[in-house]
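Chain residues, written in single-letter form:
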Amino acid sequence: MKNLFKIASLVAIFSLFAACNDKGIFYSLENEELVQEKNNLNNSAIFSNMVKIGNYYFGNAGTKIYYRNISSDSTLDDWSELALPNGSDNTPVDANEPFSSYPAVTSMVQIGTELYISMSSASDSYFISGIFRVSPSDPSSVISSSWTPEIKTVVERTSTTHDSNIYRLFSTGTGLYINRVNFTYTSFNDNIPDTIPGGSSLFYTASPNLIDYDLNNTTSIDISTFAKYDADSEGVVENMIAKVENIVYDGTANYWLIINGESEGKLYKSTDATTFNPVAASPASVRYVDIFAYDATRLLLTDTAGLLHIYNGSAFRELTNSDVWLKGFARLDTLGTTNQLIIGTIANKTDTTNDGEGYVQLNVSSSDDGVWDWVDINFSDENNYLSSDLSGASITGFLADGDRLFAYTAANGVWINEVDQDDNTKRIWAIE
Amino acid sequence: MTKNIKLLLATLVFTFFRLGSVYAQEEGNEEEKPQQVDLYSLGDQNFAIHAGMFFPLFFFDPTPADGESAFAATKLTVGGAGSLMYEAYLNNNFKIGLEIGGIFAYSPNENPFFMVPITTRIAYEFHFGQFSLPLFWGMGINIITYQDEKNVQFLMKPGASLYWHFNSDWSFGGTLSYWVSPEIVPSDHSYDRIGNFLDFTLSARYHF
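If you read the protein sequences in the order shown, they are chains V and R.
Numbered by my numbering, the letters in the first sequence go through residues 1 to 432 in order.
Numbered by my numbering, the letters in the second sequence go through residues 1 to 208 in order.
Okay, the calculated beta carbon distance ranges per label pair:
#1 V:N339 with R:G82: 52 to 62 angstroms
#2 V:E382 with R:I118: 29 to 39 angstroms
#3 V:D403 with R:E68: 23 to 33 angstroms
#4 R:T145 with V:I377: 23 to 33 angstroms
#5 V:S123 with R:Y106: 45 to 55 angstroms
The calculated lysine to aspartate or glutamate pairs, modelled on DMTMM-like cross-linking and capped at a C-alpha distance of 20 angstroms, are:
#6 R:K150 with V:E357
#7 V:K23 with R:E149
#8 V:K426 with V:D401
Keep in mind that the hints were calculated from the coordinates and are not lab data.
Keep in mind that this is a model prediction, so the values were computed, not measured.
From the three backbone atoms N, C-alpha and C, an ideal C-beta is built for every residue, glycine too.
Construct the complete structure from the given sequences, taking the supplied hints into account.
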């Protein structure tokens, strides 16, 4: 018994001296590489989406849209703020009431060479929402009145129950989906909606520039049976229709839609953009985080269990990752790493921090998706990725453009991956 | 001769002979062997404060891959070091003590790196006139933090000091310490590294 105690004590003492992390602090220091800070953009900038139009990149950052030239020239690559519509000088509109201070840009998508945004603001008097478009070939010349209003709604705040609209846009490249979500308020001073959402509608148009504030020239898609919330914050059962999480188009044949109800997500598929049918055998008892149409038959779907589901047109296969969620996809082919996808991770909603785990890489080189699997060493592990805050960030999305890759995060700024100018045999990450 | 003059002469004669006997005694002592006096003994103690520079040297890889060097740069900057130390003398030369300190340095991406060593030490101290030269060997734990990571590791810390005795209470000098700090990664020993560092500090020591 005494010997056992001695052995246990020695093991306990030895374990005290052992490194607690996977690789050890000294190893991490030995392999730390310099992460360049370009000082092009505030490091706290949080993008929810990025697009490239012409010679410019655009990033949606809450109440702002930033843009920068695609040039690598340090005199041209700074990010600037794009002038947004103020809501009053964009005619025709159903009211000239301007947005209140700091309206939110609730979504931003690219349709051809135009930038479409949805905005929303709330003041003591009005809820104002709208959809606007602009052709930003020269973003520096864009002013408030340059934006063409597609939709603008003004809801007066009253002492009785009233609704406000929030628009969210999804692009298929040429077509546009509009998810209109109604939030219900019960009193004048009620800044917290009673229900999220109060109601939800979906519209599609193949000619986005022809829609108007009555949503004419769009096709209404009945999503009333897709997914629902069963109760509001006061426990009243109201069967609210859920907001759409994402809609993607594979470019040739299929449109995919995910929508989350109270505790379960639903996956729908359409071949004509407007007639959606549920996908059989889709993962149950989880909510969905993101989708990516790999090709005309295969779809990647992520859920709140941290799983990646690979759908091959008839069955789903799961790949486990960790308790972080997977969100945002990018192909690495144009970066010289063929047949590989990277997928961002975001913090599990049960966590109290924004910490994710950077990105993971999926090998899709086989024509047989049944053998697709994670790779052990990501394309930039050997360089400075593991030394950067990006490797522990929540990544909300990517933008791959030729030899350049952007990763935008929930709390750690916007990152760019390029060939190292000092050593063209390797790629490095830098923070914008 | 008056009585006063007689008294003065007697005093001078006595003084002469008295001084003569004193000088004779000192001349006689020069021929004797000097007696060695111990500066310290059991029960003497000192308290020292150190502050100075931290020099990261290299990491040693005990299991390097084929063709790769076992030595690698730490990539840390030169940093700062400081510590507090208590020692108790066992005799004039041997003493044992306890030291707690801290260092900081920065990584290439300016992330702060900290180590807090807590060591027990044994020292042998040479004495040369107004100077003393302790050689010491410290062993203990090293608490390391870097970004979100924290480790507790084993630490060996040999070194030497040189002090000048300002008075019986205070002595001042410098200390050079070499750090040997292995980091063991049980899940994959290819990540094991032995950290080798150096610190040089100015030291003030109070004896009591």
